[in-house]
Every structure is written in C-alpha cells, then in structure tokens.
Amino acid sequence: MLRLDKVNKFYKVGTHSLHVLRDIDFVVDTGEFVAIMGASGSGKSTLLNILGILDDYDSGDYTLDGTPIKNLSEAKAAHYRNRFIGFVFQSFNLLPFKTALENVALPLYYQGVTRRKRNQIAMQYLDRVGLKDWADHTPAEMSGGQKQRVAIARSLIGKPRLILADEPTGALDSETSMEIMNLLGEIHQTGITMLVVTHDPEIAKRTQRTIRLKDGRVLDDGRIKAA
Amino acid sequence: MFSLDRWMEVLDTIRRNKLRTALTMISVAWGIFVLVFLLGLGRGLDNGLRHAFRREATNGIWISANKTSVPYAGYDVGRKLVFDNRDYDRARATAGVEHLSGQYFIKGGQFGGGEMKTQRGAKANTFAVNAVHPDAYYLVNVTIDQGRFLDSGDMAQKRKSIVIGRPVRDFLFGKEDPTGQWIVVGGVPFQVVGVFSKEGSEEEERAMYIPVATAQLAFHGVDHLGMLELTVGDANPAEAKAITDKLVAQLAERHNFAPTDPQAARVHSNVEQFERFSALFFMISAFVVVIGLGTLAAGVVGVSNIMMIAVKERTKEIGVRKAIGATPGSVIMMIIQEAVFLTALAGLTGLSLGVAALGGIDSAVDSEFIKNPSIDLRIGLLATFGLILAGALAGYFPARAAARVNPIHALRDQ
Chain A
1 MLRLDKVNKF YKVGTHSLHV LRDIDFVVDT GEFVAIMGAS GSGKSTLLNI LGILDDYDSG
61 DYTLDGTPIK NLSEAKAAHY RNRFIGFVFQ SFNLLPFKTA LENVALPLYY QGVTRRKRNQ
121 IAMQYLDRVG LKDWADHTPA EMSGGQKQRV AIARSLIGKP RLILADEPTG ALDSETSMEI
181 MNLLGEIHQT GITMLVVTHD PEIAKRTQRT IRLKDGRVLD DGRIKAA
Chain B
1 MFSLDRWMEV LDTIRRNKLR TALTMISVAW GIFVLVFLLG LGRGLDNGLR HAFRREATNG
61 IWISANKTSV PYAGYDVGRK LVFDNRDYDR ARATAGVEHL SGQYFIKGGQ FGGGEMKTQR
121 GAKANTFAVN AVHPDAYYLV NVTIDQGRFL DSGDMAQKRK SIVIGRPVRD FLFGKEDPTG
181 QWIVVGGVPF QVVGVFSKEG SEEEERAMYI PVATAQLAFH GVDHLGMLEL TVGDANPAEA
241 KAITDKLVAQ LAERHNFAPT DPQAARVHSN VEQFERFSAL FFMISAFVVV IGLGTLAAGV
301 VGVSNIMMIA VKERTKEIGV RKAIGATPGS VIMMIIQEAV FLTALAGLTG LSLGVAALGG
361 IDSAVDSEFI KNPSIDLRIG LLATFGLILA GALAGYFPAR AAARVNPIHA LRDQ
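Which chain is which? The protein sequence lines are A and B, in order. Residue numbering for the first sequence follows our numbering, beginning at 1 and increasing consecutively. Residue numbering for the second sequence follows our numbering, beginning at 1 and increasing consecutively.
Calculated directly from the structure, the hints in this document are not laboratory data. Small disclaimer: the values here were computed from a predicted structure and weren't measured. Any given hint could turn out to be false.
[Claimed, not checked] With a straight-line cut-off of 25 angstroms between C-alpha atoms, the simulated PhoX-like cross-links for lysine-lysine are:
| # | chain 1 | residue 1 | chain 2 | residue 2 |
| --- | --- | --- | --- | --- |
| 1 | B | 312 | A | 98 |
| 2 | B | 80 | B | 123 |
| 3 | A | 76 | B | 316 |
| 4 | A | 98 | B | 316 |
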C-alpha cells in the first residue's frame, strides 16, 4: 500500500532548521491497521501529514499504491486526497457553518457529484456512524464524540482505500474514545488500510501493529515483533 | 464558470456569514451611492446654471441708450441719448459682432412699457410690443410654434408683420390658426406671421414682435433706436469686452459722450456673467467629483481590507477543503466568485439607491440652483465594475496565497 524510503523532513525555525524526521523507512501493506506511537515532538503527526500529502518532505522516497509521491502537482495531490485518502483529525476540522450532512457531503462536491445525490449518499454514511437524526445540526450543537463520528463519515464518503487518523481520540473521554476506536475497527474490517497516530497505549493496543517513533527515528517497526 | 452547484455553495457560504457579507456590501454600496449622488448633484448644479440663463443667449450683450453722467465736450450731465439706424449700420460692420438687432421703444404705449392695446374683432387686451430686427431671434431664445419669426423681407418692405406669443394667440384666436390673419395693435393693423413660445416664462410670452422699421414708421420713431442687442459667437470674456468697448467708443464718438461714462451707454453682458458663474460651478462640480472619487477609493480600500480579512479568517476552512480534495483553483474561484457576487450586488444596489436619491432630490428640492440632477448611467456602471474588479483582485491575491499554503499549515491556523 505505501512505502517510505529514507524520508527526511526539516522545519526551518528562525535561522537553524529542525530535523523532525530522520531516515524513516517502513512499509504498510494493504488492509493493515497500524498505530504510530511516540511522545509529543517525536514527529508522528508530521509523518502522518506526509503520508496524507498534506505536507511535503525534503529527501527520500514515498510511494503510495505504486505511485511515487514527490513534487506532485497541487491538482494531482488534491485528487489523491479526494479519492484515495480519508482524514480524521484530533480537532475534527468540520466547517462550523455547515450542517453535519453538508460536512459529510463536502468531498463529493469536489468530485462533482450533484447536490441531491451527494446529500443522499451523505445520509447513508451518517446513518452508518449512528447520527442520522443529527443531519441538520451544526458542529457547535454536537458533542466531541458526535463531531468525530461526522468527521469519520466524511473521511469515508469518498470511498478511500487509506484512512489516516491523527489522534482521533485525543479530544475525547475514554469511553467515547473506545466507541470511536470500535468504529474505526469496524471500518478496517471492510478492507480499508488504516493508520492511527496516538500517544495512548490503550489505543495502540486496539491495532494490529505499532510503529514507535522517537526523536524523528523509527524506534520499533512493529513488524519484527509480528514476524 | 457557470455551475449551479458552485453558485449554491457560494450563496450558502454568504448566507452563513452574515456579518462579513453585510460589512462588504455596506462598504461597496456606500461608495457607489455617494459617487452617484455627488456626480448627479454636480450635473444638477450645471443644469441649474444653464436654466438660469435660459431666457437669453449666454453670449448676448445689450447696450442701451441712457442719460449721460459725465460732462463732455461742453455738454452738461443728464443729457438723454438716443441711438439711431446709423449706429446700427456701424455696429453691423464691426468685427466680432455675430447677430445684431436694434430695438425701438415705442412711445405712448400704455403704462409706458411698450404695452399696447391689441384687438381682434370684439376681443381686446394689452400686450407688450417689441420692435426689433430679425436677428433678435438669436437673443431672446424663443421657440417658433407656428409660422416664422420676422425676416429681412419684413424689414426691407417695412411690412406690418407681427409674431405673437402663445397666450396672445390663445386669447385672440382660441383654437383658430392665426397665421395670415389680421389684428390691430395701437390702431395699426398687423398680419400675424408666426407664434412663439418661451419655456418657463409666461410673462415674456405675453408679448409680440414687429419689425423695427415698421414701428419707426408707424409709431413716430423716425430712425430712433433705444438699444442695440448683439451676440458675439464663442468669444471669450476678454474678446467680448473688446468688442463692447469698440461699439461704445463708436457710439460715444457720434453722440458726443465720454467713452468712459458708465451711464450713457449702459452695457449688460451675459458673456462675463455666464463665464463667472461657469467658473464657480465648475469648481463646485470638480470638488464634488473629487469627493466622489475619494469615497470610491475608500470603498475600494474597504473592500480590499474586508476581503483580505475574510480570506485570513477562512484559512482554516481552506485547509479543511484542501484536505478533503479541493484543488487550489477551486479555492480561488470560490473566493473570487463570492467577492464578485457581493460587490456586484452591493454596487448595483448603491447605484440604484443613488439614482433614486437623485430622483427624490429633484422632486423634493425646488431650487433654481439644482435642476434635474442625473448621472450618465455609463459612468455609474463603470464605477461599479471598477469596484467589482477591485473586490475580485482584493480577493484573488490572498486567496491564491491561501490556496498555495500546505493544507496542514492552514489547518493549524487558529
């Protein structure tokens, strides 16, 4: 599914640059459920953003589904983000002025699906995350768990093959966190490859494989353990 | 460009962001409104000026014979002057004189104002009689409704031709066609050759014009003239003054009065007055235009500011949209489309309100100084499009910058 080969990433901070990712190497196969763990500042979110083509990297190679992801045109990147990858963020990133239904339907707008059709489809996905009755509510009227469910429905509507979740339970209490993880587990069961960034071992336990990062390096690939 | 769904998305965003929308629209609408209103008012002032001079030619000069006020060549002051036909001929030959008429003030008219008893059958009334040359037509600004004005044939043959005002016709003839019919003025029969009207001056319509040659013959005028009236083409005030001085000097020479006598030949020149008012009103109009443009510029700056802040405020939204698959092009288009839509709507609203306000001023203010304030619609539309363009540009640059940012940086924006 995806392969990283000696990927490096620097952040320029003032005059000196911060080396946030150092020679990252790993492979994720199709259908895996992977946790990326590490302390805060270990570079795990940056890694996820690079995997999601939300951020660029400075050296090395990243191959997604056989396509080298480097110097991709903005339109191409947009196409991948729209059709291939689904995102779930810690802070949900829903548009506050749109209803749950409209938020879920938004990726289909960028696919050129008609309004009626995409609202229909969005309703199916809201139903799937158990929020059919909340379709007309704006995010401000919903709890954190509900918002994350809406965000998950939105990430699924484009029929992605890869879901990237950045601390999806970071803003939720433990009970709600477990519900969200159950939901992600169900989605994984449908054959979608899933990567979850977390610092919570309880969350990591729910996945099949854990990649540990420390100071921008892969400490433990998780695969060796499995082998 | 035209996609219903994209418009729905834009309209939806506008509806959900009422404050931002309202601020942008007020700023644009106000700029256009003030510009339109001020430009219209400037036009109104100009029209008012022209209206004030409508009764007479704006390039007209009147020189009337009066009493001397300066002793000269052995004559005492207070001598009553009378011009005559030779003065007319001499003035006729003077360079710079465009149209020229003499006027004979008929003595013995009722009330001493040249008003004479006018009869047709049993109907009789008094109306003012002006004895003039055919060229007077160019000085009095009348409109010929029927027939013609006096002509050179009337003068040469001293015909008893008369041109009557509309109220005179209505009184004497009712609905009948007066041309070719005879009326009696001061005991002398005259044949009506034309009917005139004069916009906005019923007083001056209650009058009649007869050839000065006929009047001199019929009403004991010999070859006397009380006034010379002339136009000077498009001469500027200095040139008009030179022509006037020349004419006055000629008159002074023939009639033995001091050329510097301010009373003897009294001059009334519209050229100078019109020029003076024109300059004043031009200044006012220019001032008004400057203020209008300033307001428009403020509107442009306001719109640019609001667009920039709006885009900044939407950085996170843009990040979200990009993360779920929006292309940079679609992001830029979304913002520009919104900006153009808002400024166009607000601009046209301001334009309509401005035009409506001018209409209100026109009907509410009954002043000689402001007449028919209006605006060239092309200028209004041009200003509106300028503002729309400014709005689009103001949206474009920050939108492009925002669309280029890594989505993740945009998402981090608080």
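Hint-by-hint comparison with the structure:
1. With a C-alpha separation of about 19 angstroms, the suggested pairing of residue 312 of chain B with residue 98 of chain A holds against the 25 angstroms cut-off.
2. A hinted pair counts as satisfied when its Cα atoms are at most 25 angstroms apart, and residue 80 of chain B with residue 123 of chain B does not qualify at roughly 38 angstroms.
3. A threshold of 25 angstroms between alpha carbons decides the hint, and for residue 76 of chain A with residue 316 of chain B the separation of about 21 angstroms falls inside it, so the pair holds.
4. For the hint linking residue 98 of chain A to residue 316 of chain B, the alpha-carbon distance of about 14 angstroms falls within 25 angstroms, and the restraint holds.
Checked against the numbered hints above, the structure violates only hint 2.
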